[in-house]
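Visitor: Residues per chain are reported as follows:
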Amino acid sequence: MSLIEPLEAVIEEFSKFPGIGKKTAYRLAIYLLRRPAKDVTRFTDSVTSLKQKVTFCKRCFNLAEGDYCMVCSGLKRDGSKICVVEDITDVMAIERTHEYDGLYHVLGGVLSPLSGVGPEDIKLYELFNRIREENVKEVILALNPDTEGDTTSMYIVRNLKETDVRISRIARGIPIGGDIEFSDDATISRALKGRITISNE
Amino acid sequence: MIVNSLRLKNFRIHKNSIFNFSEKLNFIVGGNGQGKTTILESIYLICTTKSFKSSSDSELAGFESEGYEVSATVSEKTESDVKVIYLRDEKKKRYLRDSKNITRISDIIGKFPVVLLTPADSEITHGYATERRRLIDSIISQSSELYFEILMDYSKTVKQRAALLNMIREKRLSYLFDELDAWDEKLVKEGMELMKYREKFLTGFNEYVTDAFRQVVELKETPVIRYDSIYVNGYDTPEKFSELLKKNRDKEIYRGVNLYGPHRDEFLFYLNDKLLKSYGSQGQHKTFQVALRFAQFFYLKQILNRTPVFLLDDVFGELDQNRSVKISSFLSEIGQAFITLTDFSNYQSLVSDTGNSCFNIEEGKIRA
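One line per chain: the protein sequences are A and B, in this order.
For the first sequence, my numbering assigns the number 1 to the initial residue and increments by one for each residue that follows.
For the second sequence, my numbering assigns the number 1 to the initial residue and increments by one for each residue that follows.
In isolation and in its complexed conformation, chain B is listed as follows:
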């Protein structure tokens, strides 16, 4: 997919900006708070209906404006006009594709695939397991609607079961134990499906991560994501999973939490057989984060048969110049990318020769 042009009306600091993009690299240059990331945010909005910054729509709309309007011409096999309109008064957001109202989110997700690399990605390698599960879940969900559906259902089951465990802790009534049997069965059934999906996904995805390391980072280090789950630790059938729950029932009731299942899964990142989280240098962490996003890019491209748009937010500031230039030239060969930078002096050479574009942003306007 290619974003050909973009228009922002009252979108954060942008009052009325029009962009005509290159099909390759688009460098967006400017100081802090001038509206660079906002451009990436609007492209992300067009692709997913949401901002990547957990901001509400009223925050996205410019100060004292009636609402915002983001429109774009995108081509994916054919060209279409996509518009996202939000009006403060209606408190409602509308998503239009070729002037037709789109109401189902599944009609949009995966149609315009997008991959985002931001400084916030450091949470994926440094942070809690939740962050890694979120990454893996979002990639699988973009390629399988069924997985997404089971995942939603499962998270409801986890909440319901926790409520029941707490209820049992307070009043140990026999019929509640009866009910717990049924919730166990539900947890096992969906949990098993999720874990099966994850294991299968990881087997394939690891190859993409390895390839990303070779091609993008050009390092001879061997990366691998290992699945740490009850599923790979001997509980790989519904019967075994149920038994595990039976055996630990008292413990779960005592704590009032669901102690076993895919919501407790961990994905461990290794570099040359060493655990990244414990032994990795800052540089290795950064490289791993970059490789994960490139792996996501190629994986989605393969599965969806559509080329995702690549958004890189202020990433080059954290990498050495050599590596950044290498990544840029690789990016320009694989598709369209949007790269925000504060300092362009080191990348001047990239614009002139390859049909890339550069936009200087100042206070929400393009400076000629």
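In isolation and in its complexed conformation, chain A is listed as follows:
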């Protein structure tokens, strides 16, 4: 199918999006073409300002509008706790719970020599600096429990050995609302290994 150039360009751009194939890209482009001009302008403006106005927090590398993110500039946040996560989407997931009142640190990746990601490619030194400079008492590691996430956690723990901050890792095991009966064996085994004492403390 040969199309006029401007249309083809838009289709090309849309099909770079995750989860969007050629057909969907075509549909989206045709949709835009049929909208009134002001609607399309509003759309392109919002996309432009997304890139112009949204920045990364200078402190924790979460999404921000300005120098600092909503969490870091929040008044009621407990600055003595830092929760280390891989990605901004993890911050959103934890924030949805309204359970956590400390600060975050977004690494923007995990150690993976195969993909060429080393300690200097993610915000690890920035984390260590924060711990040295801010009054941090506890570091909570909330990285994904996979090969790379685990190793990144280990790397952080090793580098904080000399400091006196408390280091913890989020629990892993049986989900809320999940029956033990229906959990897979590996999850149950891990949950058993990571059990916590609740009496005689």
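To be clear, the hints were calculated from the coordinates, so they are not data collected in a lab.
Remember, predicted model here, so these are calculated numbers, not experimental data.
Any given hint could turn out to be false.
What the hints assert, rightly or not - Some chain A residues judged to face chain B by a derived CB distance under 10 angstroms, without partners named: (1) P113; (2) G118; (3) D184.
Claimed, not checked - Simulated crosslink set (DSS-like; lysine-lysine; CA at most 25 angstroms straight-line): (4) A:K161 <-> B:K189; (5) A:K193 <-> B:K240; (6) A:K193 <-> B:K189; (7) B:K156 <-> A:K193; (8) A:K161 <-> B:K247; (9) B:K93 <-> B:K50; (10) B:K91 <-> A:K16; (11) B:K83 <-> B:K93; (12) A:K193 <-> B:K196; (13) B:K91 <-> A:K23; (14) B:K240 <-> B:K200; (15) B:K92 <-> B:K9; (16) B:K92 <-> A:K22; (17) A:K161 <-> B:K240; (18) B:K171 <-> B:K247; (19) A:K23 <-> B:K92; (20) A:K123 <-> B:K156; (21) A:K161 <-> B:K246.
Unchecked claim - Per label pair, the in silico range of CB-to-CB distance: (22) A:S46 <-> B:K251: 55 to 61 angstroms; (23) A:F182 <-> B:E333: 32 to 38 angstroms; (24) B:T237 <-> A:P175: 32 to 38 angstroms.
For each residue, glycine too, the CB sits at the ideal point set by N, CA and C.
For this one, chain A is given, so just place chain B on it according to the hints.
Guide: Relative to the frame of chain A, chain B by itself:
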């Protein structure tokens, strides 16, 4: 578990074949390339979702067909209908149990245990250590999901660490050494768990191998599998393992490979204290291969509390008739088995008296 009936549609050479099986021995007889092994392959597919011949699904589907369909009625405490459907257009395989789509592989593995003995097993006793590790890993994985998970994680760690070692060899940056410390810790933690599992497993499994020799092969030879690993050579704690890595760090960087850990483990087979690989005769190799599979059968039966289905592909051709008859009669007492043969004349007696069945296969069809 028992496979009661099986239907193959456009599965390799079989266009439309229906089988009603015996609960004991099922002899599948025919010349080369007539579709005997295909029947074992389809039973294996029902039990594991995969072929044992590393073939892709498009190769399994008959020539110029739209796809294949393998369906079976199996009983394990209750009866269920299992179906595997592959359509060329969708390039997707579906696994249905009682008309319900099953998507998680762990919902299938170990539910319908299967043990396969093939001529390719000669690689286990003759071949590289990889083959022996694969055998041991597959048996432990079928009985422990956690082991399987750690194993997957560990193999990723090994790849990542090798990439880092190579990177360090090229540019010796101090922060990379820092990172290597973390990967060392990960390798040690998982490696230790795997080696602990393997050692414990082998202690128990050796008894099964000995029993298999007594019962199946009826030989007075004493078999034993010895674990050769850093774990049994003095490095049996995380601290000692870490130290070993520290001591050999330069060597590992120079070579750019992971030199220590369970991925380097070896399992040595001995018969009467003699190393099978160096001193065993062809017959002893074959016997050992048979005994290993019987040991696997009884081990899985014990651990899973389900009787595996036994598949024997063209094995009797390599054994003398006396031994083959002995093995068959033992098999018929322990569960259901499927045995492919090219020449049935020596085994005629086995069918008539014990409720066993025989199927003659010719060009993907059952000959009456």
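Visitor: If a hint holds in the structure, say so; if it doesn't, say that too.
Guide: A quick look at each hint next to the structure:
1. P113: 4 angstroms, holds
2. G118: 6 angstroms, holds
3. D184: 6 angstroms, holds
4. A:K161 <-> B:K189: 18 angstroms, holds
5. A:K193 <-> B:K240: 23 angstroms, holds
6. A:K193 <-> B:K189: Cα-Cα ~14 angstroms, so holds.
7. B:K156 <-> A:K193: Status holds; Cα separation ~22 angstroms.
8. A:K161 <-> B:K247: Within the cut-off at roughly 22 angstroms; holds.
9. B:K93 <-> B:K50: Answer holds: B:K93 to B:K50 is near 10 angstroms, not above 25 angstroms.
10. B:K91 <-> A:K16: 24 angstroms, holds
11. B:K83 <-> B:K93: Distance ~10 angstroms between B:K83 and B:K93 Cα, so the pair holds.
12. A:K193 <-> B:K196: 15 angstroms, holds
13. B:K91 <-> A:K23: Distance ~19 angstroms between B:K91 and A:K23 Cα, so the pair holds.
14. B:K240 <-> B:K200: Holds - the C-alpha atoms of B:K200 and B:K240 are around 19 angstroms apart, at most 25 angstroms.
15. B:K92 <-> B:K9: 16 angstroms, holds
16. B:K92 <-> A:K22: 21 angstroms, holds
17. A:K161 <-> B:K240: Cα-Cα ~21 angstroms, so holds.
18. B:K171 <-> B:K247: Holds: B:K171 and B:K247 sit about 20 angstroms apart, inside 25 angstroms.
19. A:K23 <-> B:K92: Judged against 25 angstroms, a Cα distance of about 21 angstroms means the pair holds.
20. A:K123 <-> B:K156: Holds. A:K123 to B:K156 sits at ~23 angstroms (cutoff 25 angstroms).
21. A:K161 <-> B:K246: 19 angstroms, holds
22. A:S46 <-> B:K251: 55 to 61 angstroms: 57 angstroms, holds
23. A:F182 <-> B:E333: 32 to 38 angstroms: 37 angstroms, holds
24. B:T237 <-> A:P175: 32 to 38 angstroms: Holds, at about 34 angstroms.
Of the hints listed earlier, there is not a single one the structure fails to meet.
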